[in-house]
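A.B. asks: Residues in the sequence shown are numbered consecutively from 1, following UniProt numbering.
It should be emphasised that the hints constitute simulated quantities derived from the structure, not laboratory data.
Check each hint, because a few of them may be wrong.
DMTMM-like cross-link-like pairs, simulated, lysine to aspartate or glutamate; straight-line CA separation at most 20 angstroms [as the list claims (entries may be wrong)]:
1) K500 x E579
2) K276 x E92
3) K95 x E113
4) K571 x D592
5) K276 x E261
6) K500 x D530
7) K148 x E127
8) K227 x D316
9) K401 x D384
10) K290 x E261
11) K588 x D295
12) K552 x D316
13) K392 x D194
14) K306 x D295
15) K603 x E579
16) K312 x D209
17) K119 x D164
18) K276 x D194
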Amino acid sequence: MGTWSKPVNPDKNSKPEAVCTCPDIRVMNVICNIDFLFLSVQDGKGYAVGELVWGKVKGFSWWPGLVVAWKGRMLPVSMRRVEWFGDGMFSEVRKGLLPFAAFAKCFFSKSYEGLPTYKNAIYQILELAAERCGKTFSPSEKKGEEVKAMLDWAFGGFQPMGPDGFLPLIISVFLGIYIILVRKHTRFVFLFSDQMVNEVTVKGRNIEDFCLSCGTGNIEMFHPLFKGSLCFKCKNFTETLYRYDDDGYQSYCTICCAGQEVILCGNASCCRCFCKDCLNVLVGPGTFDKLKDVDPWSCYICLPSKCYGVLKLRSDWRVRVQEYFANNSAFEFEPHRVYPSIPAHQRRPIRVLSLFDGIATGYLVLKDLGFKVERYIASEICEDSIAVGMIKHEGLIEYVKDVRTITRKHLAEWGPFDLLIGGSPCNDLSMVNPARKGLFEGTGRLFFEYYRMLTMMRPREDDDRPFFWLFENVVAMSAHDKADICRFLECNPVMIDAVKVSPAHRARYFWGNLPGMNRPLATSLTDKADLQDCLEVGRTAMFNKVRTITTKSNSIKQGKMGPLPVTMNGKEDYLWCTEMERIFGFPKHYTDVNNMGRGQRQKLLGRSWSVPVIRHLFAPLKDYFACE
Numbered sequence: 001m002g003t004w005s006k007p008v009n010p011d012k013n014s015k016p017e018a019v020c021t022c023p024d025i026r027v028m029n030v031i032c033n034i035d036f037l038f039l040s041v042q043d044g045k046g047y048a049v050g051e052l053v054w055g056k057v058k059g060f061s062w063w064p065g066l067v068v069a070w071k072g073r074m075l076p077v078s079m080r081r082v083e084w085f086g087d088g089m090f091s092e093v094r095k096g097l098l099p100f101a102a103f104a105k106c107f108f109s110k111s112y113e114g115l116p117t118y119k120n121a122i123y124q125i126l127e128l129a130a131e132r133c134g135k136t137f138s139p140s141e142k143k144g145e146e147v148k149a150m151l152d153w154a155f156g157g158f159q160p161m162g163p164d165g166f167l168p169l170i171i172s173v174f175l176g177i178y179i180i181l182v183r184k185h186t187r188f189v190f191l192f193s194d195q196m197v198n199e200v201t202v203k204g205r206n207i208e209d210f211c212l213s214c215g216t217g218n219i220e221m222f223h224p225l226f227k228g229s230l231c232f233k234c235k236n237f238t239e240t241l242y243r244y245d246d247d248g249y250q251s252y253c254t255i256c257c258a259g260q261e262v263i264l265c266g267n268a269s270c271c272r273c274f275c276k277d278c279l280n281v282l283v284g285p286g287t288f289d290k291l292k293d294v295d296p297w298s299c300y301i302c303l304p305s306k307c308y309g310v311l312k313l314r315s316d317w318r319v320r321v322q323e324y325f326a327n328n329s330a331f332e333f334e335p336h337r338v339y340p341s342i343p344a345h346q347r348r349p350i351r352v353l354s355l356f357d358g359i360a361t362g363y364l365v366l367k368d369l370g371f372k373v374e375r376y377i378a379s380e381i382c383e384d385s386i387a388v389g390m391i392k393h394e395g396l397i398e399y400v401k402d403v404r405t406i407t408r409k410h411l412a413e414w415g416p417f418d419l420l421i422g423g424s425p426c427n428d429l430s431m432v433n434p435a436r437k438g439l440f441e442g443t444g445r446l447f448f449e450y451y452r453m454l455t456m457m458r459p460r461e462d463d464d465r466p467f468f469w470l471f472e473n474v475v476a477m478s479a480h481d482k483a484d485i486c487r488f489l490e491c492n493p494v495m496i497d498a499v500k501v502s503p504a505h506r507a508r509y510f511w512g513n514l515p516g517m518n519r520p521l522a523t524s525l526t527d528k529a530d531l532q533d534c535l536e537v538g539r540t541a542m543f544n545k546v547r548t549i550t551t552k553s554n555s556i557k558q559g560k561m562g563p564l565p566v567t568m569n570g571k572e573d574y575l576w577c578t579e580m581e582r583i584f585g586f587p588k589h590y591t592d593v594n595n596m597g598r599g600q601r602q603k604l605l606g607r608s609w610s611v612p613v614i615r616h617l618f619a620p621l622k623d624y625f626a627c628e
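Take these sequences, add in the hints, and give me the full structure.
C.D. replies: And the structure:
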């Protein structure tokens, strides 16, 4: 274990001495300008690059992170870029950070006990802090004993060196050039993108040998859109490529899936944006300012001939994107047919058949995402559900009653369809129901109505028209029922729990061929992930997350005889209907039709899909169908 020295802000005319002697620490291969590195100290607004901090992540308690460098640009005053331990995601934070020394205040025992990612994050940051301090722990065969010793050390004030011991070490490698030392295996290695460009344009290196997002040479996989690769840390591309803001545009840059200042494509039905850093580094200096005056501007995917510098669109990018998000859970089955995305000017409005439609979650999400919906035909027999869909969507949904009455002739008259969605009733499949009849009896048999529709609607092999389908059901079903569904649908399901993007647990299986179904589920700025965010004024949440909300009123209780999740005026209370609507992601008063009571509205919501989950699944379809 090496020795560490407290960082010193050197005089510009002096050359500080290197003080690290640790053999298993390596210097980052980042060459930084002195002003860039020390601005984080000199702006007086917070934390230096390399400092360990606590920060607020939406939906979670205080989370440990590392202040990292901004890719190829000066540090904005009072803004910090934080990489979160445990999942490797990044946030741009202006306020709300605390030093890691505030361990006792920020550590949350419930998250540590019940959230594996949080537990892993705590272990990672304590391991790094210990190595910076030169602190060692007695070897143990059980990892739990080592972690306990680390926690005791942290709660004891990080003695003997205290919090100063794990401050980032800044040393000199030659006059005027400074770097930060970090542990080797954490791989916080940054090679600035402008240096990467120099390697490619001057030295003739292959762009595929570099991460297009951060510039490092430690690549993990190809970039699906442009020539170049992605490193292990930048693979969160999978989580952000299909994230869209309320205006319908991507939340992050198409190239690096980050970026603070972006320019939007002005092409109809194209929702992509490109950040200032990527444009100025990869295309050419000053590109961003030049493009700001172009209106409308067509992006590099809509007009590949406009790609300059080292930014080159892949000729087969449409196929590569689908390969990138390939459903690799289907190891027992042939992979689904891959449809290349459609050029923006060739996209047309989507036509949908929704079976067991419920309260029109599918239609709501499609409209929220900005799709042009040419036709949405829904099969539903519940009169209350039909009333919600008819009234809230102003008669734009066509209802056709019982799915068992739909024939091939009907499909020929209504179609062709682009998307088939549905989730058959789960009463006779759910293990919670002791009187369940299984897949082949009772309402379980309705799965085969979905399968019948899917069989009739699938295009022929020689038909290149994109056709997508999605089937949903409960996770708590018997193994043989799940195996039978997989056998008929010829794929394995993806399990998604809405608790990641909402305040309620709701684990569901999704079978289908939607692009990117396996990509990680990430919280967006509009998602209400904490229960308190969903409550009316004057009401207090007793829990951050609640149990799965079903059609039964007692599902609101947190345990068989447990407390209610809300207090008001000092008394426990049930969730109000408007609060349950927010938990599921629906607009306020969405089910307030037909003078329905609380029990009726909860039954409708208890059978519905989670809006942010369906939004996550439908988002990739924007590459295929026209949008507003």
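A.B. asks: None of the hints should be skipped; say for each whether it holds.
C.D. replies: Verification of the supplied hints:
no., hint, result
1, K500 x E579, "holds (18 angstroms)"
2, K276 x E92, "holds (15 angstroms)"
3, K95 x E113, "violated (28 angstroms)"
4, K571 x D592, "violated (26 angstroms)"
5, K276 x E261, "holds (6 angstroms)"
6, K500 x D530, "holds (10 angstroms)"
7, K148 x E127, "holds (12 angstroms)"
8, K227 x D316, "holds (10 angstroms)"
9, K401 x D384, "holds (13 angstroms)"
10, K290 x E261, "holds (14 angstroms)"
11, K588 x D295, "violated (37 angstroms)"
12, K552 x D316, "violated (50 angstroms)"
13, K392 x D194, "violated (52 angstroms)"
14, K306 x D295, "holds (15 angstroms)"
15, K603 x E579, "holds (14 angstroms)"
16, K312 x D209, "holds (14 angstroms)"
17, K119 x D164, "violated (24 angstroms)"
18, K276 x D194, "holds (13 angstroms)"
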